[in-house]
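Protein chains in written order, with the numbering used here: chain R, 1 to 366; chain F, 367 to 666; chain W, 667 to 934.
Simulated from the structure, these hints should not be mistaken for lab results. Do not rely on the hints blindly, as some may be mistaken.
Here are some chain R residues the structure puts well away from chain W; computed CB gaps all over 10 angstroms [claimed, not checked]:
| hint | residue |
| --- | --- |
| 1 | Leu58 |
| 2 | Gly105 |
| 3 | Asn154 |
| 4 | Asp197 |
| 5 | Gly294 |
| 6 | Ser338 |
Using 25 angstroms as the maximum straight-line C-alpha spacing, the simulated DSS-like pairs for lysine-lysine come out as follows [to be verified]:
| hint | chain 1 | residue 1 | chain 2 | residue 2 |
| --- | --- | --- | --- | --- |
| 7 | R | Lys181 | R | Lys171 |
| 8 | R | Lys134 | F | Lys582 |
| 9 | R | Lys181 | R | Lys11 |
| 10 | F | Lys582 | W | Lys672 |
| 11 | R | Lys80 | W | Lys840 |
| 12 | R | Lys251 | R | Lys287 |
| 13 | R | Lys11 | R | Lys77 |
| 14 | R | Lys77 | R | Lys112 |
| 15 | R | Lys80 | R | Lys11 |
| 16 | R | Lys112 | R | Lys134 |
| 17 | R | Lys80 | R | Lys112 |
| 18 | R | Lys115 | R | Lys134 |
| 19 | R | Lys287 | R | Lys307 |
| 20 | R | Lys77 | W | Lys840 |
| 21 | R | Lys115 | R | Lys80 |
| 22 | W | Lys840 | R | Lys112 |
| 23 | W | Lys672 | F | Lys482 |
Label pairs and their computed distance ranges (CB to CB) [as the list claims (entries may be wrong)]:
| hint | chain 1 | residue 1 | chain 2 | residue 2 | range |
| --- | --- | --- | --- | --- | --- |
| 24 | R | Ala167 | W | Gly762 | 48 to 54 angstroms |
| 25 | W | Gly762 | F | Glu528 | 50 to 56 angstroms |
| 26 | R | Gly315 | F | Arg560 | 19 to 25 angstroms |
| 27 | F | Lys582 | R | Ala136 | 36 to 42 angstroms |
| 28 | F | Gly570 | R | Ala167 | 28 to 34 angstroms |
Every residue, glycine too, gets a C-beta built ideally from N, C-alpha and C.
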Amino acid sequence: MAATDGVQDLKLVNLVKTFGDFVAVDDLTLTFPAGSFFALLGPSGCGKTTTLRMVAGLEDPTSGQIMLGETDITREKPYKRHVNTVFQSYALFPHLDIFENVAFGLRRRGIKDVKGPVNDMLELVELGPLARRKPAQLSGGQQQRVAVARALINQPGVLLLDEPLGALDLKLRRQMQIELKRIQTEVGTTFVHVTHDQEEAMTMADTVAVMNNGRIEQMGAPVDIYELPRTAFVANFLGQSNMVAGTVSGKSGDDLIVSAFGASFTVPSARSARQDGAILVGVRPEKLAIASAGSSVPDRSNRVTGKVTDASFTGVSTQYLVMTSWGDEWMVFEQNRSADILRPGDEVVIHWAPEHTFGLDVPPEA
Amino acid sequence: MPALAPTSGGSSPVVLSGAAAQRRPRTAYLLLLPGLAWLAIFFVVPLVSLFFTSLQAPTGKSGVYEPAFQVSNYLEAIQEYWPTFVKSFVYSGVATVLALIIAYPLAYFIAFRAGKWRALLLVLVVAPFFASFLLRTYAWRTILADEGFITSFFNALHLLPEGRILNTPIAVVLGLTYNFLPFMILPLYAALERIDPRLIEAAGDLYASPFTGFRKVIWPLSLPGVVAGTLLTFIPASGDYINATLLGSPSDRMVGNAIQTNFLQFRDYPIASALSFILMAIILTVVFVYVRRAGTEDLV
Amino acid sequence: MRWLRKNLIPIIGILVLIYLFVPIAVVAVLSFNKPDGKFNIAWNQFSLEAWQNICGVPGVCGSFVTSIQIGLIATLMGTIFGTLIAFALVRYRFRGRSTTNLLIFLPMATPEVVLGSSLLALFLNLAFPLGFWTVTIAHIMFIISFVVVTVKARLQGMDPRLEEAARDLYADPKATFRYVTFPLVLPGILGAALLGFALSFDDYIISAFNAGTLVTFPIYIWGAAQRGIPVQVNALATLVFVIALVTVVSVQVVGSRRRRKLESAVGT
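Required output: the full structure, derived from the provided sequences and hints.
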């Protein structure tokens, strides 16, 4: 296990994990590019932690392969793999002080001279003066940094982070997100960060993979998967979406024409997962403009009429809930740039540019 | 003397994570072997041996018996000693109830009101184990002596049917209560300590008086501790003979005395063995009735 | 009156604690007594004689030493056996788990009279000489159950993630045990050992049945109860009690004081 392994791609090939009848990870094939900050995002029970544990060697896959660079590490014991984990509860050894906690991996690998590397690592996470304290005497944020130091010092090919920021309060979490990003950039190791917090994933990661029911629903740069979700799950899990079910009734150049509840919507073909039949038309609330009914609306815009049922002033923006003509409530986030505020009961028209629309498969009835 | 470790009451089933769950059971058997073998040889076999002894028949010689199937030994034992059995269970039963009444306030105090003194108080509860149990029981002869302060006090109030405490069933019961008190306190404490004190506040917020709050919230939640404590008190108390010997009169002898006398003095091993089994049978019945819903995992 | 109602629980609690200690106090006080006659029951006259001449009565110190010897051996063996079983129960899956649990539980549910007398029956049937070893064997037997319960509780309370972290950090199973598991379980094992020693040292009933002519400290006391317990016995018992109590209390106090000092020194 040379320390000069360097940073390599991590590849999962047809990875499957079942617990009895329950399929936790369903035929996962995924590449984590070397040196990237990768987020595995999904709700509880989607299989993301199980995947992480299989990479760490703490769970045995039912079938499939895990490759670190060119090496097949699928059957390797965790203490032989050059992969390290930052646990959700930090799992710091309570009977050892911080110095010994961080030095643990080095010592187990037979490295005699630990003082230099440990002190350097403690400097990196800004915990130098606390080296001789025990974990119980540290705050949550400090413990978290020790956990990162303890893992990173071993210069793993991949660093796995299992929802490491879950136990921290909001302010601390924001701080640690920036910290972790800085460390990753400085050290250059591949980070695989498992989380259910989509804001966290989008802030920190270069690539985000959204998981649901043991499968990857969509993967890509945060901006890309946010602006163009490919499934209804991603559209709803990542940020919020307004959607309406309709049918493709025709094409116009590069656009699809969709009819729903008597209205007609333009959806660019390239932004639609379906080209015909039943389709879900969606748009994000912040892309919508809202105006009193009867106001002029740009020609090409998609539009929806309705009545305001709620208006929440949040300082930066106003969030409207609008009851559409077909009985769904749509959300609109308007930045407070004009003085006009619409009130509940007002008849309004919502409109948006077709380029912001996306088209999705209608999910099987949930 | 049974367990002091109260924390295992109601423990959740064992969860073995990931690779650990696949460890070979062979290693487990190796780990179990020495201890279980020891228990098998020096606990199970003796009991089996005792059982066979209980069925033995007398030969002409004193203290020598031959293997037989004399079930009548049991009938004889019951016939002769059933009053002793009744007495034993009455004494230990009363002692258990008294112990519960005395222990509960202290356990409650340590669990809810003791704050930073908690650890120290628990040490004090366990401290009596460091002092000789025989001497402590013997000390009651000083405390309850006929000429002593306490006996004279109760005599003045005409509360003593025999004019004294020592050498009466009262002293025996008091001794039993005293000796097994820590075994009642610790499980009670463990159960009470788990109760979220905010439940009491919630009860109060919902119009419950302190007493109702206790009756409807704390008592039911403390029941596992009550069950454990009463069992840990009742079982050893039923088989005890030290308190009866040191603090009671010859007419206050318990089953333990009978077994001991038959074994060591009369050398009537079959009867002594039969008595032992009858005692065990009754105790085990009580335990199983009590603990029927919990699995064996919760007992250990 | 209000004050009384509010503080009723603490008052009763303290009273119960006092009740627990009164007989111990009597034992201690009587160790400074010069009894009138053979029986040391009533206070007569202050005297340090028992303390100055603590081994003065033949058999007292001998039986004391015997009890310590038996205690040490029985505790060592019982703790080892019990710890192994506890590990098996918590860390492994195997068949026969409920039988094992039953076998551990039953000795604790069996009255000492039955435990002692059944073992005696066994030794008699095997014509095994009664004495030091039969008593030790018996003590090991009942210590095992208590050790299992104590160590098991400690093991179950241990975060399984800690061992995972160790394995993640290049510790093979042996190293994981040596550097993580064992240090964390050790306090539980020591506590169980202490408990085992206390149970062995103070055991009368089981020892009495299986000792033959051997005299342990409790056997000596019992025998002496009929003839008059020498004051030296009170002195020895008080000595043991005070040493044990002081040790346990100071460990507690030192531990909590150290914790508090460090907690206050840590910034967040």
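Exercise for review: Sort out whether lysine 307 of chain R lies within 25 angstroms of lysine 287 of chain R, counting only the CA atoms.
Suggested key: Holds, because 18 angstroms separates the two Cα atoms, which is no more than 25 angstroms.
**Study point:** Assertion that aspartate 197 of chain R lies outside the chain W interface [Cβ separation over 10 angstroms]
**Key:** Aspartate 197 of chain R clear of chain W: closest Cβ-Cβ about 21 angstroms, beyond 10 angstroms.
Exercise for review: Measuring Cβ to Cβ, find out whether asparagine 154 of chain R lies farther than 10 angstroms from everything in chain W.
Suggested key: violated (7 angstroms)
Practice item. Could you grab the alpha-carbon distance between lysine 112 of chain R and lysine 134 of chain R and see if it respects the 25 angstroms cut-off? Key: holds (22 angstroms)
Exercise for review: Verify the proposed pairing of lysine 80 of chain R with lysine 11 of chain R, using a straight-line Cα cut of 25 angstroms.
Suggested key: The hint holds at about 18 angstroms.
Exercise for review: For the pair we were handed, lysine 80 of chain R and lysine 112 of chain R, check the Cα-Cα distance against 25 angstroms.
Suggested key: holds (19 angstroms)
Check your understanding: Hey, lysine 582 of chain F versus lysine 672 of chain W, does the alpha-carbon distance stay inside 25 angstroms?
Key -> Since the Cα atoms of lysine 582 of chain F and lysine 672 of chain W sit roughly 20 angstroms apart, the hinted pair holds (cutoff 25 angstroms).
**Study point:** Given hint lysine 287 of chain R paired with lysine 251 of chain R - CA-CA distance at most 25 angstroms
**Key:** holds (23 angstroms)
Review point. Is leucine 58 of chain R truly not at the interface, in the sense that its beta carbon sits beyond 10 angstroms from all beta carbons of chain W?
Key: Label violated. Min Cβ-Cβ 5 angstroms, cutoff 10 angstroms.
Check your understanding: Would you say glycine 105 of chain R is clear of chain W, with no C-beta pair closer than or equal to 10 angstroms?
Key -> violated (4 angstroms)
Check your understanding: Taking 25 angstroms as the top limit, are the C-alpha atoms of lysine 840 of chain W and lysine 112 of chain R close enough?
Key -> holds (19 angstroms)
Check your understanding: Per the stated criterion, does the least C-beta distance between glycine 294 of chain R and chain W lie above 10 angstroms, as a non-interface residue requires?
Key -> holds (58 angstroms)
Hint violations for this structure: numbers 1, 2, 3, 8, 24 and 26, all remaining hints satisfied.
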